[in-house]
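**Student:** Chains as they are written, first to last, in my numbering: chain A, 53 to 435; chain B, 53 to 435; chain C, 15 to 340; chain D, 15 to 340.
Just so you know, the hints here were simulated from the structure itself, not pulled from any lab data.
Please note that a few of the clues may not be correct.
Claimed, not checked - Capping the alpha-carbon separation at 20 Å, the derived lysine to any residue pairs in SDA-like fashion look like this:
id: 1; chain 1: C; residue 1: K268; chain 2: C; residue 2: S245
id: 2; chain 1: C; residue 1: K49; chain 2: B; residue 2: E346
id: 3; chain 1: D; residue 1: K49; chain 2: A; residue 2: E346
id: 4; chain 1: C; residue 1: K49; chain 2: B; residue 2: P338
id: 5; chain 1: C; residue 1: K49; chain 2: B; residue 2: G330
id: 6; chain 1: C; residue 1: K62; chain 2: B; residue 2: Y341
id: 7; chain 1: D; residue 1: K230; chain 2: D; residue 2: E241
id: 8; chain 1: D; residue 1: K268; chain 2: D; residue 2: A302
id: 9; chain 1: D; residue 1: K126; chain 2: B; residue 2: D193
id: 10; chain 1: C; residue 1: K62; chain 2: B; residue 2: P338
id: 11; chain 1: D; residue 1: K49; chain 2: A; residue 2: A372
id: 12; chain 1: D; residue 1: K196; chain 2: D; residue 2: R31
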Amino acid sequence: MTVEGTAARKPRRSSKRTSASASAHANEPQLVQLLNPEGERVQHPEYDIDLSPEELCGLYRDMVLTRRFDAEATSLQRQGELGLWASLLGQEAAQIGSGRALRDDDYIFPTYREHGVAWCRGVDPTNLLGMFRGVNHGGWDPASNNFHLYTIVIGAQTLHATGYAMGIAKDGSDSAVIAYFGDGASSQGDVAESFTFSAVYNAPVVFFCQNNQWAISEPTEKQTRVPLYQRAQGFGFPGVRVDGNDVLACLAVTRSALERARRGDGPTLVEAFTYRMGAHTTSDDPTRYRLDDERAAWEAKDPILRMRTYLEKQGLADAAFFEELETESETLGKRVREAVRAMPDPDHMAMFDHVYADGHALVDEERARFAAYQASFADGEVK
Amino acid sequence: MTVEGTAARKPRRSSKRTSASASAHANEPQLVQLLNPEGERVQHPEYDIDLSPEELCGLYRDMVLTRRFDAEATSLQRQGELGLWASLLGQEAAQIGSGRALRDDDYIFPTYREHGVAWCRGVDPTNLLGMFRGVNHGGWDPASNNFHLYTIVIGAQTLHATGYAMGIAKDGSDSAVIAYFGDGASSQGDVAESFTFSAVYNAPVVFFCQNNQWAISEPTEKQTRVPLYQRAQGFGFPGVRVDGNDVLACLAVTRSALERARRGDGPTLVEAFTYRMGAHTTSDDPTRYRLDDERAAWEAKDPILRMRTYLEKQGLADAAFFEELETESETLGKRVREAVRAMPDPDHMAMFDHVYADGHALVDEERARFAAYQASFADGEVK
Amino acid sequence: MAVQKLPLAKALNESLRTALETDPKVLVMGEDVGKLGGVFRVTDGLQKDFGEDRVIDTPLAESGIVGTAIGLALRGYRPVVEIQFDGFVFPAYDQIVTQLAKMHARALGTIKLPVVIRIPYGGGIGAVEHHSESPEALFAHVAGLKVVSPSNSSDAYWMLQQAIQSDDPVIFFEPKRRYWDKGEVDTEAIPGELHKARTVREGSDLTLVAYGPMVKLCLEVAAVAAEEGRSVEVVDLRSMSPIDFDAIQASVEKTRRLVVVHEAPVFYGSGAEIAARITERCFYHLEAPVLRVGGYHAPYPPARLEEEYLPSLDRVLDAVDRSLAY
Amino acid sequence: MAVQKLPLAKALNESLRTALETDPKVLVMGEDVGKLGGVFRVTDGLQKDFGEDRVIDTPLAESGIVGTAIGLALRGYRPVVEIQFDGFVFPAYDQIVTQLAKMHARALGTIKLPVVIRIPYGGGIGAVEHHSESPEALFAHVAGLKVVSPSNSSDAYWMLQQAIQSDDPVIFFEPKRRYWDKGEVDTEAIPGELHKARTVREGSDLTLVAYGPMVKLCLEVAAVAAEEGRSVEVVDLRSMSPIDFDAIQASVEKTRRLVVVHEAPVFYGSGAEIAARITERCFYHLEAPVLRVGGYHAPYPPARLEEEYLPSLDRVLDAVDRSLAY
Ligand SMILES: Cc1ncc(C[n+]2csc(CCOP(=O)(O)OP(=O)(O)O)c2C)c(N)n1
Ligand SMILES: Cc1ncc(C[n+]2csc(CCOP(=O)(O)OP(=O)(O)O)c2C)c(N)n1
Ligand SMILES: [Mg+2]
Ligand SMILES: [Mg+2]
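Full structure from sequences and hints, please.
**Tutor:** Pasting the structure below:
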């Protein structure tokens with residue numbers, strides 16, 4: 053922030069302020085990394101992971117299919133089949149790595165961008181598209197995959213996650229909860245309150261922050277002047293920053309945090325340092341606020357590319373695997389495309405459904421009046 | 053928190069949780085202290101202060117008079133002259149120390165308990181009593197002493213303080229702002245947001261948290277599992293814990309934080325570790341939730357007593373000083389008592405005043421109708 | 015044993031106790047609800063008997079309280095949340111309006127949010143700022159919430175039972191100035207429906223509709239009016255969302271005159287909704303416009319002015335006179 | 015030069031520019047208001063021209079935005095805050111209701127809070143949840159706030175000027191689906207008073223009252239009704255607090271029939287307040303009860319249902335017919 057356009061200023065303060073903001077960049081901490089951008093395995097003293105070739109290929113497959121699904125959704129939006137799409141392009145490793153760390157009985161609270169996590173949970177991808185098409189506000193049953201509805205109000209879900217985790221603790225279960233949120237969300241009071249509650253009640257929850265460097269047009273410096281993972285310490289639980297484009301590291305770090313939660317040691321904050329490769333949503337125009345260079349630099353760190361290099365170099369996957377995956381991707385794309393196009397508009401009366409579980413006299417009255425009003429057109433009574 | 057009364061529990065988790073909560077107490081950090089409970093000056097490597105005998109006596113006098121005023125208010129409440137009183141008993145050092153660190157052009161945002169700070173600002177003590185008597189909601193002009201109105205909604209004022217400090221920075225002034233809040237308030241989202249905003253904008257604000265160990269009936273462990281001053285670090289600014297019953301340390305630490313703010317280095321969190329000796333307010337009954345022992349232990353750390361011991365041992369004040377102060381105290385008590393008793397009830401029409409600065413048609417209409425309605429009684433029209 | 019004379023606050027306490035005893039999923043949570051028993055002692059003794067795991071002292075953060083209550087409900091619990099005073103519900107407003115109210119619809123009915131939010135409300139107790147407000151309209155306007163308020167001990171006991179049993183979020187407004195008023199509670203009675211109004215005094219000349227703290231006042235008004243030969247019917251609304259318009263309509267079709275009384279500011283208050291809808295339903299029956307008596311369009315005043323601010327016997331009688339003068 | 019044809023969003027942009035140019039104390043703040051120019055481009059180009067110190071990208075925290083705006087106002091600034099969408103104002107609700115609205119009264123008038131909160135509101139743009147709501151009643155009920163909404167480019171320009179110049183907090187609702195509608199703006203005209211309604215079409219059979227996005231719809235209704243030989247008067251309310259009841263009364267005394275139209279849910283909405291008060295003022299003039307057309311008591315529906323949810327030409331005409339049938 054510069055100081056411009058106001059009266060009497062002392063340059064002393066303004067120069068200080070600029071330097072303070074610059075220092076946010078200076079002390080970037082070490083990321084936990086197990087697979088570097090060149091596709092080489094690196095060792096980490098604290099976190100390690102030993103996966104079978106099948107598991108490694110599985111992670112790669114998840115990322116590729118997620119990206120394919122995401123691309124299909126983006127193009128469906130361009131074709132007018134969806135009103136909006138929030139792409140996860142670039143965040144596949146963060147989502148697949150953390151998503152695959154979860155047990156079936158763990159419960160997930162996503163934002164609106166966790167398509168990769170949904171994939172890991174076995175949520176039918178077309179389910180995710182209903183709200184973006186405008187036929188519902190989510191509408192899937194969270195209990196069937198322990199995957200909560202997308203939450204649009206920034207940060208609100210972190211408290212739901214904390215409460216759910218408090219419930220798990222009450223039940224004496226060793227399940228855990230993961231709450232996703234973004235770098236921008238870290239500024240919301242609700243997120244801080246979820247840190248307080250989870251720490252005080254020692255709730256088994258992992259806060260998984262995908263720092264994709266941007267909150268729409270605002271860079272992370274507008275939300276914090278120190279790395280986000282450090283936020284946790286002042287609430288009494290550990291924070292760790294992981295290379296969010298490294299699926300292995302995301303898996304290892306999340307798994308460890310979940311185990312901590314299961315052990316009864318309470319919350320952990322994981323900051324996955326990644327990048328939103330695309331626009332915020334299809335409504336956004338990032339050329340107004342960021343430079344192509346930045347994107348290019350992050351392209352070199354692509355999560356899928358590095359995993360492919362690794363699989364190939366290590367001979368863990370052969371050409372047939374990649375070809376098969378290509379076909380699978382296309383099939384997925386086609387299936388999603390067809391499912392979306394076939395998705396019916398909701399019945400008009402649906403807007404009166406599920407306002408209440410136990411009913412409400414006014415809703416009944418309005419439903420009846422609306423039905424009569426609509427019927428009047430059929431009868432030609434009202435023009 | 054213990055786990056009781058629910059079904060299937062794994063003792064593993066519950067035992068862990070208990071121990072985590074216990075550890076909050078284990079690692080209590082070193083307090084900044086310059087005057088110990090025995091009234092001896094101790095040295096601190098980072099903070100020191102060199103005050104003249106007059107200044108030292110002045111601090112003592114401030115504390116004594118503040119306590120006297122507070123006691124008078126408590127007894128006025130008992131006599132029915134006030135509807136409520138929030139006593140600061142035990143927190144005199146925290147308030148006088150920080151209050152005397154301020155310059156006249158610094159701006160203060162208090163909670164509802166900062167009677168000692170108000171005293172330092174030269175706010176007429178009777179001004180503070182209006183809201184507790186129920187004749188206004190505060191009602192003094194914040195600008196006359198740069199002392200904002202008491203804020204009852206917990207934590208809300210920390211954002212006002214941050215905004216005010218952002219304004220100071222815009223003006224290029226080297227004034228600073230201090231925001232008071234309690235240990236309980238530290239849990240409010242607003243306080244976290246004020247940390248975020250002040251850090252991002254590098255605003256010249258000092259957050260002064262009086263950790264008096266209690267938020268009504270809840271001990272600090274219900275708000276945090278690590279010392280509160282540590283909260284700041286994760287937002288990118290320093291936190292320091294000071295002996296809140298040591299007026300010299302409170303003065304030194306606050307002064308240093310204010311200087312940091314003036315230098316353009318942004319916010320600081322000061323946690324004054326102190327104790328609410330009395331009830332939360334005159335409506336509260338602390339015997340329901342805390343033991344007499346605790347109070348007794350803190351009485352030994354009384355802020356006024358230790359200062360008196362110091363002054364006496366060092367021969368900085370003689371008997372005449374203490375006697376004179378006694379008289380001054382009584383005069384103050386009398387003045388406050390009389391002023392409160394003489395405080396008139398507001399005119400009935402006052403409830404329509406100052407709802408808006410520029411007027412509002414409905415308020416005008418309701419005012420006129422109310423006046424007519426009241427007049428009708430005088431005329432005997434309506435029974 | 016089943017019938018006891020209890021202060022309203024104690025009836026609520028008993029109701030919470032019954033709920034905690036009956037359903038292991040019921041939780042009580044809020045600031046100071048534990049050892050202190052709440053600032054009004056509504057939760058007195060509950061933590062001692064049910065443990066810290068079911069009667070939970072929370073951090074001082076209302077959004078956190080309601081937000082975690084939502085999470086607990088998703089896990090199968092039935093949290094009963096206490097907001098310490100009316101004026102302190104606003105930090106939780108976002109969680110209530112955007113999450114609690116809408117999540118059932120968002121999930122197309124697949125999840126339920128049985129969360130009760132208890133709010134001591136209203137004035138008349140000589141309190142400082144933020145401790146005497148009546149924000150019910152701010153909740154009743156929001157679809158997905160139900161909003162109720164008992165006026166007496168029996169309703170306090172039973173309506174709270176019903177609110178806790180409801181699968182919908184209920185904002186439960188407690189008339190704090192009536193906490194100490196005693197009334198009979200029959201814990202084995204069959205209660206009336208939660209969202210039905212109740213005629214608490216029959217009359218033929220004019221209908222007074224009130225809820226919560228104003229019901230008692232309206233009964234006093236009716237008594238005074240009776241002395242003057244006017245027969246005033248008093249309807250205890252009990253539920254501000256939904257509103258039992260059928261009951262009001264039936265009364266107004268008989269009396270042809272309606273005055274609505276509440277402590278909340280009249281402007282955009284519940285009286286407006288009642289006036290608008292009843293006028294529509296009873297257009298040819300009304301001899302006078304529906305009149306409203308309530309707070310003024312001003313912040314709740316300091317205690318020494320609240321008597322003037324709040325509806326009083328005289329102010330309601332004045333409205334009755336004005337209505338009858340048509 | 016002084017008269018231009020501008021889309022409503024651009025008129026707001028020009029108004030902000032004028033304010034920033036005229037008064038060095040005016041600030042613009044909010045999420046993405048800087049380089050992006052806001053998600054609707056209302057602040058487009060302002061940061062480039064006035065600097066980051068006056069057009070401020072804030073952290074993503076609405077309570078923080080409004081809370082710091084209050085602090086800035088106390089320091090002598092005049093912040094104009096942007097809330098990105100209607101549904102995201104609720105995290106700031108506590109600061110707005112308990113602080114912004116009441117601080118002037120709390121200080122017995124010694125301080126002023128000239129803060130404007132701009133909120134793009136309403137539906138009809140095919141958006142996802144929380145992006146199409148009309149929460150104006152939740153602000154109008156609160157004393158200490160003023161609540162306005164322009165319906166066209168000229169009012170957008172001038173009402174925003176006036177809101178910024180006002181020493182009271184103003185909640186400024188912008189009809190987002192009209193952002194792209196063009197209209198003439200005379201930047202040298204003498205504007206009407208901020209809180210006065212305006213008759214935008216004269217008529218004699220029935221009065222339609224609307225504001226913001228619904229004014230255009232009501233003008234269409236009036237045109238269709240005219241073809242059927244019905245003379246409908248349309249009043250653009252412009253201010254929801256205060257409400258210019260005198261103007262509505264004058265119209266209704268002439269037409270004897272009133273229909274209020276808004277997107278917000280009818281239940282406890284602004285139509286209730288208008289109906290209640292106008293019925294009281296015009297009891298002997300009204301030939302029919304005041305009818306209301308608005309949203310249903312349900313969360314704002316998914317985009318594919320919004321056409322059914324929102325007042326439409328047919329639904330308003332239906333109400334007009336029903337009113338005239340009395
Ligand atoms: C309370 C609230 N305020 C504003 C918005 C509008 N909004 C939607 S996404 C977004 C940015 C979120 O950034 P971040 O948390 O970093 O997540 P990302 O979109 O980058 O994944 C904003 C401001 C919102 N959804 N909710
Ligand atoms: C938002 C809000 N919630 C609840 C309250 C009721 N209340 C008043 S004081 C208080 C405890 C405050 O504790 P703390 O912050 O430690 O300050 P202290 O009173 O100990 O000085 C509570 C819960 C309030 N005033 N505001
Ligand atoms: Mg982001
Ligand atoms: Mg405290």
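**Student:** Measure nothing beyond the straight line between the CA atoms of D:K126 and B:D193; if it is 20 Å or shorter, mark the hint as holding.
**Tutor:** holds, 11 Å
**Student:** Below or equal to 20 Å on CA atoms is what counts here, so check C:K62 against B:Y341.
**Tutor:** With Cα atoms ~12 Å apart, C:K62 and B:Y341 stay inside 20 Å; holds.
**Student:** Between D:K49 and A:A372, does the CA-CA distance stay at or below 20 Å?
**Tutor:** violated, 47 Å
**Student:** Straight-line Cα separation of C:K49 and B:G330 no greater than 20 Å?
**Tutor:** holds, 17 Å
**Student:** Please verify whether D:K49 and A:E346 have alpha carbons no more than 20 Å apart.
**Tutor:** Given that 20 Å is the threshold and the Cα spacing comes to 16 Å, the pair holds.
**Student:** Does D:A302 sit within 20 Å of D:K268, going by the straight-line distance between their CA atoms?
**Tutor:** Since the Cα atoms of D:K268 and D:A302 sit roughly 13 Å apart, the hinted pair holds (cutoff 20 Å).
**Student:** Holds or violated: are the alpha carbons of D:K230 and D:E241 at most 20 Å from each other?
**Tutor:** holds, 17 Å
**Student:** Sort out whether C:S245 lies within 20 Å of C:K268, counting only the CA atoms.
**Tutor:** holds, 12 Å
**Student:** For a C-alpha distance cap of 20 Å, please report whether C:K49 and B:E346 respect it.
**Tutor:** holds, 16 Å
**Student:** Next pair to validate is C:K49 with B:P338; report whether the Cα-Cα distance is within 20 Å.
**Tutor:** Holds, at about 10 Å.
**Student:** Sort out whether D:R31 lies within 20 Å of D:K196, counting only the CA atoms.
**Tutor:** Distance of about 18 Å is within 20 Å: holds.
**Student:** C:K62 and B:P338 were given as a pair; does the straight-line alpha-carbon distance stay at or below 20 Å?
**Tutor:** holds, 16 Å
Hint violations for this structure: number 11 only, all remaining hints satisfied.
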